[in-house]
Amino acid sequence: MRTFLNVISYIFHPIFIPVMATVGFFLVTPRMYEFNFKIDVSITIAIFTVFIPILTFILLRRLRMIDTVFVKDVRQRKIPLYLYVLLLFLIVTKIISKSIFAELYYFFVATLISAILCLFFVLIRIKASMHMMGIAGLVMFLIVLSISYQLNITFALSILILMIGIVGSSRLYLKAHTVGELILGFAIGVIPQLLVMYDWL
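Going left to right, the sequence shown walks through residues 101 to 301 as the working numbering numbers them.
Worth flagging that the hints you see were computed from the coordinates, not collected in a lab.
Every value quoted in this text rests on a predicted model; they were computed, and no experiment measured them.
One thing to keep in mind: the hints can contain errors.
As the list claims (entries may be wrong) - Taking lysine to any residue pairs in the SDA-like style, the calculated list, with each CA pair at most 25 Å apart, reads:
#1 K198 <-> V150
#2 K198 <-> E134
#3 K178 <-> F220
#4 K194 <-> T129
#5 K275 <-> R161
#6 K198 <-> Y110
#7 K275 <-> A287
Take the sequences, apply the hints, and build the full model.
Printed below as a string of structure tokens:
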């Protein structure tokens with residue numbers, strides 16, 4: 101059981117959520133984008149949100165500034181979150197164009213807001229669950245996409261909603277978070293997505 105829950109925690113680590121959202125967007129959008137363009141955008145997002153953070157985690161680990169990639173100590177979360185906020189800001193301002201894919205643009209705007217809120221709580225020594233923040237934001241984004249495009253993706257959403265419960269259970273089982281921290285992370289992930297959706301629905 102512990103191995104399974106550890107795997108779930110790695111798969112749904114918040115650094116992978118932007119890539120999942122990008123791929124999910126390209127899979128469901130009725131807009132016609134060239135295949136190579138989709139690949140280029142997805143790879144670029146992966147570089148900014150996966151590869152750069154992983155390299156940073158490795159460096160911080162070698163410098164003994166963090167203990168694990170899950171950064172359980174709230175005090176150790178500052179540098180990774182500062183970096184994450186910066187990378188998301190660069191994506192919103194330099195990579196994702198509002199005129200080309202508004203829905204994805206607003207997803208990253210909301211994710212940036214979520215990351216800033218998470219950083220704010222870290223600065224006052226409150227640890228919100230970024231795992232819950234990430235997967236909750238992803239599910240909310242896909243729900244809004246399904247409404248906007250009038251798509252029936254009920255099965256995929258059902259699986260992801262189930263995964264919210266499994267991810268939350270894994271964080272509790274591994275003693276990474278309390279119930280309150282999970283609820284806070286869920287709220288931080290969902291509310292910004294709800295706030296920005298009115299601009300593009």
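- Hint numbers the structure violates, sorted upward? Per hint list: single violation, 6.
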